[in-house]
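**Q** The residues making up each chain are set out below.
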Amino acid sequence: MAYLADAVPVSGVMDQLSARIANIVLGNPENAPVIEFTYHGTTLYAETDLLIAFAGEGAILDVEGESLPSNRPLFIPATTTFALRAASGCRSYLAVSGGWNVPEVLGSASTFLTAGFGGIEGRTLQENDLLHSNQNLSPLAINIYNYYKGTKLNYPKWGAFKESFLPKWKKVVRVIPGREFTWFNAESLLAFLAEPFTVNIRSNRMAYQLEGPLIKRSKQQELISTAVAPGTIQVTGDGKLMLLMADCQTTGGYPRIGQVAAADLPICAQLKPGDKIYFEEISRKDAEKLYLQQEKNFIELKASIANKFA
Amino acid sequence: MQLTPLQSKLFKIYYLSEKAVTLEFGNEINENILQKISHFNSNLNKNPFPGLISTVPAYTTLTIFYDPVIVINNKSLSGLDCFERVSNYLAELELKDHQSESSESSLVSIPVYYGGETGPDLSAVSNHTKLSPEEIINLHSSATYKVYMIGFTPGFAYLGGMPAQLATPRKATPANTISAGSVGIAGVQTGIYPLTSPGGWQIIGQTPLKLFDASRPKPSLIKAGDMVKFDSIGAEEFKHLKNNSDAATSY
Numbered sequence: 001m002a003y004l005a006d007a008v009p010v011s012g013v014m015d016q017l018s019a020r021i022a023n024i025v026l027g028n029p030e031n032a033p034v035i036e037f038t039y040h041g042t043t044l045y046a047e048t049d050l051l052i053a054f055a056g057e058g059a060i061l062d063v064e065g066e067s068l069p070s071n072r073p074l075f076i077p078a079t080t081t082f083a084l085r086a087a088s089g090c091r092s093y094l095a096v097s098g099g100w101n102v103p104e105v106l107g108s109a110s111t112f113l114t115a116g117f118g119g120i121e122g123r124t125l126q127e128n129d130l131l132h133s134n135q136n137l138s139p140l141a142i143n144i145y146n147y148y149k150g151t152k153l154n155y156p157k158w159g160a161f162k163e164s165f166l167p168k169w170k171k172v173v174r175v176i177p178g179r180e181f182t183w184f185n186a187e188s189l190l191a192f193l194a195e196p197f198t199v200n201i202r203s204n205r206m207a208y209q210l211e212g213p214l215i216k217r218s219k220q221q222e223l224i225s226t227a228v229a230p231g232t233i234q235v236t237g238d239g240k241l242m243l244l245m246a247d248c249q250t251t252g253g254y255p256r257i258g259q260v261a262a263a264d265l266p267i268c269a270q271l272k273p274g275d276k277i278y279f280e281e282i283s284r285k286d287a288e289k290l291y292l293q294q295e296k297n298f299i300e301l302k303a304s305i306a307n308k309f310a
Numbered sequence: 001m002q003l004t005p006l007q008s009k010l011f012k013i014y015y016l017s018e019k020a021v022t023l024e025f026g027n028e029i030n031e032n033i034l035q036k037i038s039h040f041n042s043n044l045n046k047n048p049f050p051g052l053i054s055t056v057p058a059y060t061t062l063t064i065f066y067d068p069v070i071v072i073n074n075k076s077l078s079g080l081d082c083f084e085r086v087s088n089y090l091a092e093l094e095l096k097d098h099q100s101e102s103s104e105s106s107l108v109s110i111p112v113y114y115g116g117e118t119g120p121d122l123s124a125v126s127n128h129t130k131l132s133p134e135e136i137i138n139l140h141s142s143a144t145y146k147v148y149m150i151g152f153t154p155g156f157a158y159l160g161g162m163p164a165q166l167a168t169p170r171k172a173t174p175a176n177t178i179s180a181g182s183v184g185i186a187g188v189q190t191g192i193y194p195l196t197s198p199g200g201w202q203i204i205g206q207t208p209l210k211l212f213d214a215s216r217p218k219p220s221l222i223k224a225g226d227m228v229k230f231d232s233i234g235a236e237e238f239k240h241l242k243n244n245s246d247a248a249t250s251y
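Protein chains in written order, with this note's numbering: chain A, 1 to 310; chain B, 1 to 251.
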């Protein structure tokens, strides 16, 4: 977030929960570079032995017809071809022991597609791209690698228990009322918190357009442009909702009806056009408790991995 | 449902997200408020609280981003939750600040080659304003502009202070490609496109400087609170500076 004042968005992974889990189970730093896939279809070839981990509901990893489980280390021997098959979500993450090796720009390995910098040449990955991992493994990562390496495909029966991080009913997204919540009429506010909204095809890493009951104003006034953040839900002039995501602009002038609880952003990251969600109100105090609890869960996950492979 | 913002003399504080609060200094775009924001921003950056990550100035607000895990665990901050702790810190910082000296703002000089191929809409502006191209260039380059905020795209500065006579509406049909460095007018605003993109501003010239370069330690040439002047240069100097644009970050 260091360059927000220069209008450089946070960018980075859309589903932080999945990406962090994929890194933690390999003994990587949580924010080690990962590959973000949108949907499926990619085929990958292991030029060398690989210890990888895969997380996120956007795809399922497949080796010659065998589905590989997510949220745990996977040992892939050299010359294996593996691919991403369809699943119900939107995005998935591939982590490798040591993290993927990309140059840092502005202190980050992330790709900012809109401005064309970061990651691999500021662009999406293309056919025949060759990716390397960082050679600097932590002692923990080395232990995990050595535990699972061998001559054939290998992985544990255990996996990180992702369900402990997420609420049970995944189509409900909790929101804190936004600063301009009272700019909208009562009927619209009730509809916002009771009716379903559908993700429109005009959705991407910057923002999702959501369709549902039109949200109408009780006050006609203009908002002077001010900072916004991923999770901010803006209401545009035509009464439609824009849910800002990882690559969103740093400032905006549309009134804000709500802020998605940080703990529920991973749910949003897995939405695709056609998906329906409901919004439920949460207080800022409860949202903060949820966030801090989720961070505690990460610390516990890291501790149990460290214990297992000490 | 905490919708009433917390208040101090200088600003109101409201919650933006688990990791951010926004300070509201007023509800008008003017230099007085800009000055207050710049001053407080400077003061806060000199006296950061544990967990502060960055600040984003805008026309009437200053937003403060922080790490909630550090804030909630730090013993020197008081308050039941992060919002309270950060708000208390900011309100106290404001109380303790008795200085009315103006904060560091730089005057940044931006060389511009007006007209020609790099300023294709100069004649359109001339037609609309009924001023000659020379008069437009003189007016545009003699004003001192204030930077209200950087937003919309990396390095894009929202400038205030363009002489009213230069106001020209945006193009009805935006151009497909506006080169990085293009200087334009849209309504009463003037600004520079830091990156090549489509756009609807009337382009009257181009600067050889790179407004935004991700490889520089300070990637953006200008920041909120700075003053900007445009300096008219000729074609030769434009070519020369463009060739050295990596070196020409300080002009």
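Just so you know, these hints were derived from the structure itself, not from any lab.
Here a beta-carbon is modelled for each residue, glycine too, at the ideal position from N, C-alpha and C.
Please note: incorrect hints may appear among the correct ones.
To give an idea of the interface, some chain A residues facing chain B are shown, with a C-beta separation under 7 Å as derived from the structure [to be verified]:
#1 Ala-2
#2 Ala-5
#3 Asp-6
#4 Gln-16
#5 Arg-72
#6 Leu-106
#7 Gly-107
#8 Ala-109
#9 Ala-229
#10 Lys-240
#11 Gln-249
#12 Ala-287
#13 Glu-288
**Q** Would you settle whether the hint for Ala-5 (chain A) is holds or violated, based on the nearest Cβ-Cβ distance to chain B being less than 7 Å?
**A** holds (5 Å)
**Q** Do the numbers back the hint for Ala-229 (chain A), that is, is its least Cβ distance to chain B under 7 Å?
**A** Result: holds, 5 Å to nearest chain B Cβ.
**Q** Tell me if the interface restraint on Asp-6 (chain A) is satisfied: Cβ within less than 7 Å of some Cβ in chain B.
**A** With a minimum Cβ separation of about 4 Å from chain B (threshold 7 Å), the hint on Asp-6 (chain A) holds.
**Q** Hint validation: Gln-249 (chain A) versus chain B, beta carbon distance must be below 7 Å. Holds or violated?
**A** Where the cut-off is 7 Å and the nearest Cβ of chain B is about 6 Å from Gln-249 (chain A), the hint holds.
**Q** Close enough to count: is the Cβ of Glu-288 (chain A) nearer than 7 Å to one in chain B?
**A** holds (5 Å)
**Q** Go through the hint on Ala-287 (chain A) and say holds or violated, using the shortest Cβ distance to chain B against 7 Å.
**A** holds (6 Å)
**Q** Is the hint on Ala-109 (chain A) kept, meaning its closest Cβ partner in chain B is under 7 Å away?
**A** Since chain B brings no Cβ nearer than about 13 Å to Ala-109 (chain A), farther than 7 Å, the hint is violated.
**Q** Is the interface hint satisfied for Arg-72 (chain A)? The criterion is a beta-carbon contact with chain B at less than 7 Å.
**A** violated (26 Å)
**Q** Should the hint that Lys-240 (chain A) touches chain B count as held when the rule is a Cβ pair under 7 Å?
**A** violated (20 Å)
**Q** Hint check: is the beta carbon of Gly-107 (chain A) less than 7 Å from a beta carbon of chain B?
**A** violated (10 Å)
**Q** Restraint: Gln-16 (chain A) near chain B, CB-CB cut 7 Å. Satisfied or not?
**A** violated (12 Å)
**Q** Report holds or violated for the interface hint on Ala-2 (chain A), using the least CB-CB distance to chain B and a cut-off of 7 Å.
**A** holds (5 Å)
When each numbered hint is compared with the structure, violations occur for hints 4, 5, 7, 8 and 10.
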